[in-house]
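Asks: Sequences are here, hints too, so could you generate the full structure?
Chains as they are written, first to last, in full-length UniProt numbering: chain Y, 1 to 365; chain L, 1 to 365.
If you're looking for bench data, these hints aren't it; they were derived computationally from the structure.
One thing to keep in mind: the hints can contain errors.
Partial chain Y-side listing against chain L, Cβ under 7 angstroms, derived [what the hints assert, rightly or not]:
(1) Arg10
(2) Met12
(3) Tyr14
(4) Gln54
(5) Pro56
(6) Arg72
(7) Val76
(8) Phe196
(9) Ser197
(10) Gly198
(11) Arg199
(12) Ser202
Beta carbons are placed, not taken as given, at the ideal position from N, Cα and C, and that holds for glycine.
Single-letter residue listing:
Number of protein chains: 2
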Amino acid sequence: MEYDEPLFFRVMQYAADADRDVVDMVSGNPDWEPPAALREGLREYADASTDEFQYPPSEGLRELREEIAERRNVDVEQVVVTNGAGEANYLAMARALERDAGDEVILTDPVYPYYPGKTTLLGGRSKLVPTERDGSLDPAKVRDVAGDDTACIVVNTPNNPTGAVYGRETMEELVEIAEKHDALLVADEVYDHFDFSGRFESALTIDSDHRIVTTAYSKSMAITGYRVGYAVFPESLVQAAKTRHMLVNVATSRPAQQAVLHALRNTHADYYEETREMLRARIDAFTDALDAAGAEYSRPDGAFYVMARFEEFPGTLDNVYTLIDEAGVAGMPGEAFGESREEWIRFALVTPRAEEAAARLADYF
Amino acid sequence: MEYDEPLFFRVMQYAADADRDVVDMVSGNPDWEPPAALREGLREYADASTDEFQYPPSEGLRELREEIAERRNVDVEQVVVTNGAGEANYLAMARALERDAGDEVILTDPVYPYYPGKTTLLGGRSKLVPTERDGSLDPAKVRDVAGDDTACIVVNTPNNPTGAVYGRETMEELVEIAEKHDALLVADEVYDHFDFSGRFESALTIDSDHRIVTTAYSKSMAITGYRVGYAVFPESLVQAAKTRHMLVNVATSRPAQQAVLHALRNTHADYYEETREMLRARIDAFTDALDAAGAEYSRPDGAFYVMARFEEFPGTLDNVYTLIDEAGVAGMPGEAFGESREEWIRFALVTPRAEEAAARLADYF
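Replies: The structure is reproduced here in structure tokens:
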């Protein structure tokens, strides 16, 4: 298994170099507009006084942390503004692994490839727990493998790549398992604004000293390049996380923080609902065409990916290249996400041409 | 010794809460204007297309890395754009410590407090080598303490807090010591645009697989909050550093990278020379007044700090508070920078009121 990004780039490059028109459904880069207030915030900040160009507080702009704390109903001191969800997960997993409470990190299979990468970087060992065919996670399987060595359990809900949304009972059980083994549950909720099931509930609503929630504005505001995210830590863990954040990054980039702050304050709920509406339409069109292609797939309850499985056409990198050349559609090989989805290919619904892409797939198969 | 930033904040807060007018010379936050092209770059970027708001390449925007490579006469593949010099140093020191080539990090005393902090975070042990009274570093003293356990030597030139500029011979000797013990020399050159001596030469001009150069635009463009820096690694070390950068931060924030790229391309050398002129005038005024106060000090050859020593008035936090209350001048206690400057107080020349501050000191002592 390789880290996500380089393989992304390799596949996207192959698609760009192809001799034909290709619908790019490789990366998780939104193709829609950020909130208007985001651009406005950046414009205003460009004229700010010189002192607003200097170090923000290490843990994040005070006003941004206050907005977050109020919206998430947590104490402002628990909030650390990070360089995207990527750094938030790094801080959370580091906290789990530096507590002398084991070196094992339980992850799900399929897995977002950054998690095992971070685990290795931080000196931990990954243990993969297979999810069900529909993407749901059976906590009993986590319970079976958890033990004294378990330092951390990382889940992503709504899930990339399966589109599953873990129910409240699942999350409560995971927290309980973490508590039992003195481990930390890290809930990466970066797709929290993309719940189509109505069942998503943030793990912040489960009170525990063994639960960390991470997220970012990358997807919800369509700004993956801005790198503004945050983690909410229990009080007992937050100080060490702030110290690591300071020693690694000093602070999160201020222009991006200022733009996000302005957007957060001045964006109506309609913006997020309209994005969901557009994605629902893309999901409908894409899965209808997958039906026509005779493919197996799960309709996503959340996030914006569809995994599909075509008869006798496993999700290898070679087959992904074949689809680019012969069908004109680029996805991500399932083998990039672990063993359990080697038969599958992931398609990101980040193009208005999702329906066309599915029609091409139907023609090809 | 505490980490820099929190103590900064504590002293600045004390100064802000004082019942009198206080000249703030605590932090290294420039008070002058960034290049006009920087604001311009941010304004232009606010209107960029949606895809320019998404992930930049993990190692940095290609155009920015190319600009850097050309200016620094290095291969573009050696350049990693980081979240400020802070992350650049973290990546460099991590690379040194994860090579199974020892766990000892040689630092100078006085020391920039982030270095020992990063050393501890990365599982290393700091060994401090005292510098001379004028701030210069005698490589023989480094040679004396270096050994099989030495993984890394970190120096900052031009130096914060002493204002020393290490000559080329010193740097060559340090590289040679690093090579001898299979260690890495990390040259943090974040003040490279603030050389008043004409003697500064980048360690990039010394060819070695054991030398890493780190720097940032934080000081040279007066944008400490933007968090755009970079490291230049030898070819043999760069891939692992890129992987760590990706796993920790995914990428450096794009609005800040775009603004810096535009500023880099459209800022004339005059901008930097005018800043140096202004700082030279501040140094003159401040040191003249220190003479009048009967203080000992070194006139900085580089960077923008003056360390001063007043008879029977050691550089403790308490004495710094006393100066705020009774003289109306705020500096940083020398004890924050290690043992060798406990008698001293550091004053940052980041205010047009440097002369006034020195006059107040003269009155007080």
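Asks: Hint by hint, note whether the structure agrees.
Replies: Cross-check of the supplied hints:
For arginine 10 of chain Y, the suggested interface contact is broken, since its CB lies about 13 angstroms from the closest CB of chain L, more than 7 angstroms. A distance limit of 7 angstroms between C-beta atoms decides the matter here; for methionine 12 of chain Y the minimum to chain L is near 11 angstroms, and the interface restraint is violated. Interface restraint check: tyrosine 14 of chain Y against chain L, minimum CB-CB distance 16 angstroms, threshold 7 angstroms, status violated. Below 7 angstroms, beta-carbon pairs count as interface contacts, and glutamine 54 of chain Y has one with chain L at about 4 angstroms; its hint therefore holds.
With 7 angstroms as the threshold, the beta carbon of proline 56 of chain Y comes within range of chain L, its nearest partner Cβ sitting at about 5 angstroms, so the hint holds. A hinted interface residue such as arginine 72 of chain Y counts as satisfied when its beta carbon comes closer than 7 angstroms to some beta carbon of chain L; here the least separation is about 22 angstroms, so the hint is violated. Checking valine 76 of chain Y against chain L: minimum C-beta separation of about 16 angstroms lies over 7 angstroms; hint violated. Evaluation of the phenylalanine 196 of chain Y hint against chain L yields a violated restraint, the C-beta minimum of about 22 angstroms exceeding 7 angstroms.
Taking 7 angstroms as the C-beta cut-off, the interface hint given for serine 197 of chain Y is violated, the closest approach to chain L being about 26 angstroms. This hint is violated: glycine 198 of chain Y has a C-beta 28 angstroms from the nearest C-beta of chain L, more than the 7 angstroms allowed. The beta carbon of arginine 199 of chain Y comes no nearer than 29 angstroms to any beta carbon in chain L, farther than 7 angstroms, and the hint placing it at the interface is violated. Hint status for serine 202 of chain Y: violated, given a least beta-carbon distance of 22 angstroms to chain L, over 7 angstroms.
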